[in-house]
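Work out the full structure, taking the sequences as your base and the hints as a guide.
Those protein sequence lines, which keep their order, are chains A and B. Heads up: the first sequence begins at 826 in the numbering used here, then just goes up one per residue. Heads up: the second sequence begins at 122 in the numbering used here, then just goes up one per residue.
Hints may contain errors.
[Claimed, not checked] So the derived label-pair ranges between C-beta atoms look like this:
(1) Thr391/B with Gly1011/A: 44 to 50 Å
(2) Ser131/B with Gly1011/A: 30 to 36 Å
(3) Leu1715/A with Asp546/B: 51 to 57 Å
(4) Glu1581/A with Ser131/B: 42 to 48 Å
(5) Ser1179/A with Lys145/B: 43 to 49 Å
(6) Ser131/B with Arg1316/A: 35 to 41 Å
(7) Lys145/B with Lys1318/A: 16 to 22 Å
(8) Pro210/B with Asp1089/A: 31 to 37 Å
(9) Lys145/B with Asp1118/A: 57 to 63 Å
(10) Asp546/B with Gly1633/A: 50 to 56 Å
(11) Asn425/B with Leu1715/A: 40 to 46 Å
(12) Ser540/B with Asp1089/A: 57 to 63 Å
(13) Pro307/B with Ser1376/A: 46 to 52 Å
Source of the hints: derived by calculation from the structure; they are not laboratory data. Ideal placement from N, C-alpha and C gives every residue a C-beta, glycine not left out.
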Amino acid sequence: MSKHTYLSLLLIFSISAFAQKRVIKGTVVDEENAPLPGATIIIQDTNYGVSTDIEGDFYIDAKEGDVLVISYLGFQTQIITIGDDENYIIKLLTGTELKEIVLTGVAGKTDLRKVSFSVGKVNETTLQQVPGVDPVSSLRGKVAGVRVIQGTGLPGVAPSIRIRGSSSLLGIQDPLIILDGTILDGQLADINSDDIENMEILKGSAAASLYGSRAANGVVQIFTKRGSRKYGSQIRLRTEIGFNFIPKSRQPSITQSHNYQLDDSGNYVRGSDGGYVLEDDRIADNPFPVYYDNLSLFYSANSMHNQSLQILNRTQTTTTNLSISNLSQDGILNFDHFGFERQTVRLNHDMKISDRLKLSTSTNLSSINQVEPDLGASSPFFTILLTPPHADLSAPNEEDRSSFNWNAQQETGWPGSETNPLYTLANEFTQIARQRVIGNYKLIFFATNYLTVEGAYSFDYFTTETDFFVDKGWLNSRIPIYDGGYITKERSKSRKDNLQLTASLDKDITPYFNIKAKLFYLYDDRNEHEVFAGGTKIGITGLNNLNNVTSDSEIIGSDTADFVEKSFAGIIDLDIKDRYLTSFLIRRDGNSLFGPEVRKKTFYRISGAWRLSEEFTIPYVEEWKIRGSVGTAGLLPPFAAQFETFTVSEGSAEKNTIGNTRLGPFFSTEIEFGSNIQLGNFISLEYNYSEKKTEGQVLPVDIPVEIDGFPFQWRNAGTLESFTNELSVSFNWIRTPDLYLDTTFLFESTNQYVTELFRPVWQLGPRNSFIVQAGKVYGIYIGSKVLTSLDQLDESQNPSDYRINDEGYVVDENGIPVFLLDETGNKAQVQVGDINSDFNLSFNSIFRYRNFSAFMLWDWKQGGNVYNQTKQTTFKELLHPDVDQVNKPLNERKSTDYYSALYNINATTSHFVEDASYLKLRELNFSYVLTDLRILKNEVSIKLSLIGRNILQFDNYSGIDPEVTVRGNGDQTNYFYDGYGYPSFSTISGGFELNF
Amino acid sequence: MKKIIYLIFSVPFLFTMCDSLEVKNLAQPIRDQVLSTPEDYQSNLNGAAYQWFNALFKSEPMMTLLVAADVGTSSWGFHGMREVGTVGPPYGLGSHFPINNSVTASYPEFLEIPYNRLYSAVTSATDIIRAVEGADIDSELENQYNAYAHFLRGLAYGYLGLIFDQALVFDEKTDVKSLTYDDFVPYDKVIEQSLMDFDRAIEYAEASKAINIMGFNGITIDKTMLIQLANSYYAKILVHSARSSSETTTIDWNKVLEKINKGNLEKDFTVFGNTNKWYNAHLRSNDGNLMRVDQKIVNMVDSNSPYPYPINGYPSDELDLPEKDARWGSSSAHKYRYAGAAPFRANRGIYFFSSWKFNEHEQFRLSGGLGPMPLLKAREVRLFKAEALIRLGTDLELAAHIINETRVEAGMKEPATSSDFNLLDKLFYERYLETNDATGNGFFDRRRTDDLGDKQFLHFPVPARNLNTWGAELYTTGG
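Following this line, the structure appears as structure tokens:
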């Protein structure tokens, strides 16, 4: 055949082939037949491709035999070959975990497999197992390295979060929380976790640099549900009813015995001054003449309920989510007026204005009402344990026959004089009401196929009303200030507005080279105002109104704070051949909280990853990525820290702190290495190692007060470093339509050290029990140490005069414990404990068989200490069960002097440092779904659940719960300290969910 | 269309770009603001007046010093009371221990609160003296501000000298930036500065036409009263500065007498509580559950009441005491009220026990902090006068008369007479019962008569945290 003949045939075939091309129509849907807008369809081995529209439809010129590659983030890629049909419906299956998409901290929507740093992701399936009452609770045990700490059980207070090691010696370890694009401050308990679709977590500076000077603790971005997945409407009604309680086995108790003389009738012998007369041996082995179980009047099981209704809708141009919820939690006190109530309304609405313009809005309204008891020292939680059991707390007052004899203890003449806690609970409490609006309004302009411009305005406004009222007729003369009644009303308003402008580029330069880039501008303005008024005497009984305050007892005050931030950021993510991934980021923050000489700060991130599984074919290895990232981020100084301030009160000015014009933010640099491995569809594994160094710790530093009258200055004066290993392993044991079993283990271990401190040793936290010292671990207790070995005796002490008792303590000839002394003869102040755990391990498992499913989440903390000040205080009054000697062998009986010596005038003491290890069954859920039901011709499913939260706990702790902190007193994620707070409690409930 | 959309995006960008990062602290003023006008000087001085009060009259150090002096007693740990009240053997009379002056001390507040707040008052007063010097104001205002500022600085330095072993002394002419720890001076030099300031205050007050000081809650101090107070405090601080009986004898008692006579204080210097920030330790010292009258005082009134408190309980009915002194009894009207068994734990030391409570300010306590708080009683100054007369031997009749003003009224059987060999004892008897309600009075009196417990501290050391700011070695006192 001649050359010309070949050319002619080629031309004919080409013309023929061209002639065979036709427009193929297709629709891409998910497993539930919901359209997938934005899916990519490419003809294999060409550069030619199209995307689906909002209805999931696409049109492509193709010919018979062409192979279409259909892909969509978060779904398994599918391949089809064009045949005779002109209409194709392509159903994409949900991807495994590694194929999920990420939006946080990256230049654009990115496949999780292609992210070059660690991102945690919690999806809706996991979230819905045991819905938390707030978003933070929902995070617990879901992502390695994220610790969720429930330091108080007070209803309405969300737990604290710490991601990896600590960043702040000031105790600010909270990550930045972003809700649908709005940066939040304030209580997360205001948010209904049922609204959440998924959460993304950036664990530290190596990932979160895009968020600059507020992201050193990481970022948690919460995305709420935006509409139904299918066209039409979907309604979901969920209700949960149960009760809060503390299991009897975990409730505290009071000693059965005391060390006072009794007469033949079993009554106390009284001295000439009316006082109790000590037994000569001072051993607490005498029974109380009468024993009231006052604790049973203090705690009770109370109800909780949670209802939510979601109406989800999708049309060709809109998606909508309207949801309302109502939560009530009564807690565990035996008084009806305490508890937390929350109502929320959410409206998310997305609208396609034109092919190129989209409006997305999110609005959340919430209203909470909370009634809190007094907490801490002298609160009812304190006095209930310091009341001897012979005092009848249920007796009425002699003065006015009202309930709970306020001085029941004092009337018994018992040393100490605590007020009846039941009287306090009945007559003194704080009411808090908060109204909050959170909104995000976003306009997205698709300028070209690869360039998007986005403008967003978001806000978070809330007002809080805090009322404290004690009526006239207060009987407790121990707190005489309430004698004539007491009113305080505090009104605070917080307003935060921010504006974000973003230009994003997502372009395949070649089939093997994708570039994503983003330019970003943020303007953030926040202001807070507070006014406070009250009075210490009221005129008319029962009237909680400021007009009722007498003129000689008025109290007033106000406060205000304002800050502005302006930031620019640029980010470029490069993807070469799906296997070489890099990301470069720079951010410049200008912030009014920085001193005027250092108003601006630059942050950066560089990261890279190599997907080995794309490079080599390794048996059973579906995915293997190694990655490394280094990034910086910061934390803001407190509002007034840069200013030289005087405190003004009652019209006069007093010196407070000298200013610092060079005060910058905390500056954190994190290096992270990690790897993700997926073995078949069976095991997915992620390992991360992180080194975080946070310099420029903003700390109060003592300065010579003599010179200028200012006792301290805020300075960048220290460095905190942490080292974290974290591992998550998921086993997808069985995955069939009928049977499903999935198990995930999350392991994390962190060490944290204060490596520099440019100020003297610093004691802080509850009762100054913690010490910050250069070269030491962060989170150590300092106090007096009871000797445990004769070798520890001072040179002046003769070991033959001492012995070791049955509790392992060195005691003198009188059986009194001996303390470690310093060179001056005082009790030495040394490290007596360390809060840091050896490791944290969470384990969760989802099991489903047909319509039945079960979920459980266990949380294991191994090692670390907690300080039991609650126990120490009961040693003061000798009312702790340890003091009771009745059931001890005679040779082990100790006098009360032994326990008083251990009490050690309430100073931090090694005896009260306890093991904080625990294993908790945090969440448990059994559910059954009834399907194929119909109501008014609608397909309906009903889900019935039995839910338990914190229902099982194993620990060695002598108090209620070793996971305990003092609310409002320092680092809520590190300062484990049992200081008569509101204890954490368990909840058991039944759930009913209707979907149609 | 595209242009319009880009415009929509750019307008807010440009708008916010222009917004400044300079944000003012509207809640708390800065120095320029508080010193911006002469009218603001008054607010600063009022603040300094409060800081002086705040340094001294709340639980720390007032409760601490009551216990340290064996005038009050309490074995509760807070306010450092148990620390300063605890003694080694023999029972109740052994040696005291050194003050725990370390950065890790459990109760550092009783040292830090007076020290830091007194310096806040010293520096604020000095700021105003400096500001007045450079301000364009008439001489009358200049005199008024200077009188007020020097008076406050005299009070603040005075109590620094009374309470601490040493301090840093400077005035408006000192280049404070050049000062080092080597410039700290012993208490007697601090007292000198205080007395100089009182003299300056008197000079300025006398040169001014009228003075109206409103910085002490509930009262107005006019020119006459300021001169009275400055003279009276001059005398008080001079007398109380003595650390031993030998130092007491070397005091210039003529000067004391001269100042008292010149001051002629007839009314108590009393401020009023408002429960908010103006309140004092009476709220706690008059609470029988927190503090009792020390058995050493009980024993002083009635020698049949043993001291220390008997380890095996009280041998007889303590209500004999009212027969010795009508100020003691079981009704709410008595200054010292029987309160039954002490609410303290026996195993902390029965020697802390006492059945009597302070009751003079019970109404103040029951009102939650509303009512009068005498800071310097005219009675106290008159007793200083009596003491000066006795020590100078110039007019024992008058001295006895002054002592009897409360002694006889209280129903004592033996009035003081000019021939009493123990006239000073009778005088101190009155001092301990009549003047213990202002910070440190009992302590200062015991100190200057060698009557403190064995090895009890004579003064506080500079607090450890403050020593650290100078890089100075930590030290302590007592023990």
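*Which of the listed hints are not met by the structure?*
none
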